[in-house]
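Same order as they appear, the protein sequences are chains A and B. Taking this note's numbering, I'd label the letters of the first sequence as residues 1 to 143. Taking this note's numbering, I'd label the letters of the second sequence as residues 1 to 143.
Since the hints were made in silico from the structure, they are not lab data. Values in this document were obtained by computation on a predicted structure and should not be read as measured data. Heads up, a few of these hints could be off.
Said to hold, decoys possible - Some chain B residues flagged as far from chain A (calculated, every beta-carbon gap over 10 angstroms): (1) SER3; (2) GLU7; (3) HIS19; (4) VAL48; (5) GLY58; (6) GLU82; (7) SER106; (8) ARG127.
As the list claims (entries may be wrong) - Just a few of them, taken from the derived set where beta-carbon distance is under 7 angstroms, the chain B residues facing chain A: (9) MET1; (10) ALA31; (11) LEU65; (12) PRO69; (13) THR73; (14) VAL84; (15) ILE87; (16) THR89; (17) ILE110; (18) ILE121; (19) ARG122.
Unchecked claim - Coverage of chain B stretches by chain A, computed from C-beta distances (three or more under 8 angstroms per stretch; other residues unrestricted): (20) 37–44; (21) 114–120.
From the three backbone atoms N, C-alpha and C, an ideal C-beta is built for every residue, glycine too.
Protein chains: 2
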Amino acid sequence: MLSRTAEYALRAIVWLADHPETPVTGQALAAATQVPPDYLAKVMQSLVRAGLVEAQRGKNGGFSLVSTPEEVTILEVINAVEPVRRIRTCPLGLAGHESLCPLHRSLDNIAGQLERAYGAIRLTDLRSGGVKPLCPVLEGPHA
Amino acid sequence: MLSRTAEYALRAIVWLADHPETPVTGQALAAATQVPPDYLAKVMQSLVRAGLVEAQRGKNGGFSLVSTPEEVTILEVINAVEPVRRIRTCPLGLAGHESLCPLHRSLDNIAGQLERAYGAIRLTDLRSGGVKPLCPVLEGPHA
């Protein structure tokens, strides 16, 4: 289950991947992705900190991807804002639980499946298919 | 990624599944699962509303499972408190997105995998293995 923050980060990075020609301003990005500008600003800070996005200041400044869309998986985007939590030790700190109990082992197995599923999708994979991500906005005033 | 509420609901229901002899009081359940009592009370309300748990009042009252552990999957427990969100329509409400874009189709596919993974695990499956769920507490004062 994806958090709102992760969903917003993915919308932003997908938009940047689709607009490689020139940096995109925070304002244009907020409009295109339908994310409140203040919220998006925090999300973008996390993406910059994680080295996925760079922010250029100045007149023609804005956000752009650091790497090519081929090189970025959606797991990296999600982990930049709200990492998939793996369960390494008993969350209850129970004595005698050096190995995970069946409940937490099962939950961690599923978290591992989730990690692999997100890690298998690259930004380029999101370009195929009939409907382009966030596409009608592309033709709007903020494109 | 499991929310704290879902994790707490699973701890509670696993404890009840392991203690079928007699209803378990809220106080004993909170101690065994290490969940703050007020938080647990809300979680238990959701489980009762979903028909997974029944609450008996009175001197020997407490919580117990409605069905046998064989009949309950962890998906049902999770869905009782914080359902796995599927993406049925474009979250941005974009015109022309009658079908999901590749981003949201991918995210929904993964949500579907998650649903199936949780749906494949029954409470009885959590009894196998060397370490019993929440076991050391079993030997403590609240057992």
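Checklist entry - Hint check: is the beta carbon of B:THR73 less than 7 angstroms from a beta carbon of chain A? => result violated, 11 angstroms
Item to check | B:VAL48 and chain A, when compared Cβ to Cβ, separated by more than 10 angstroms | outcome: The claim holds: B:VAL48 sits with its nearest Cβ about 21 angstroms from chain A, beyond 10 angstroms.
Item to check | Cut-off 7 angstroms, beta-carbon criterion: hint that B:ILE87 touches chain A | outcome: Violated - the Cβ of B:ILE87 stays beyond 7 angstroms from chain A, reaching only about 9 angstroms at its closest.
Next on the checklist: The output says B:GLU82 does not contact chain A. Does that hold with a beta carbon cutoff of 10 angstroms?
Outcome noted: violated, 8 angstroms
Checklist entry - For B:GLU7, is the shortest beta carbon distance to chain A beyond 10 angstroms? => result Non-interface label on B:GLU7 violated, nearest chain A Cβ at 7 angstroms vs cutoff 10 angstroms.
Checklist entry - Hint check: is the beta carbon of B:ILE110 less than 7 angstroms from a beta carbon of chain A? => result holds, 5 angstroms
Checklist entry - Any Cβ of chain A at or closer than 10 angstroms to B:GLY58, or is the non-interface label fine? => result holds, 30 angstroms
Next on the checklist: Confirm or reject: B:HIS19 is not an interface residue toward chain A, with every Cβ-Cβ distance exceeding 10 angstroms.
Outcome noted: holds, 15 angstroms
Item to check | Minimum beta-carbon distance criterion (7 angstroms), B:LEU65 to chain A | outcome: violated, 15 angstroms
Next on the checklist: The output says B:SER106 does not contact chain A. Does that hold with a beta carbon cutoff of 10 angstroms?
Outcome noted: The claim is violated: B:SER106 sits with its nearest Cβ about 5 angstroms from chain A, within 10 angstroms.
Checklist entry - Close enough to count: is the Cβ of B:THR89 nearer than 7 angstroms to one in chain A? => result Constraint on B:THR89 not satisfied, violated at 12 angstroms.
Checklist entry - Does the interface hint hold: is B:VAL84 within less than 7 angstroms of chain A, judged Cβ to Cβ? => result holds, 6 angstroms
Going through the hint list in order, the structure does not satisfy hints 1, 2, 6, 7, 8, 10, 11, 12, 13, 15, 16, 19, 20.
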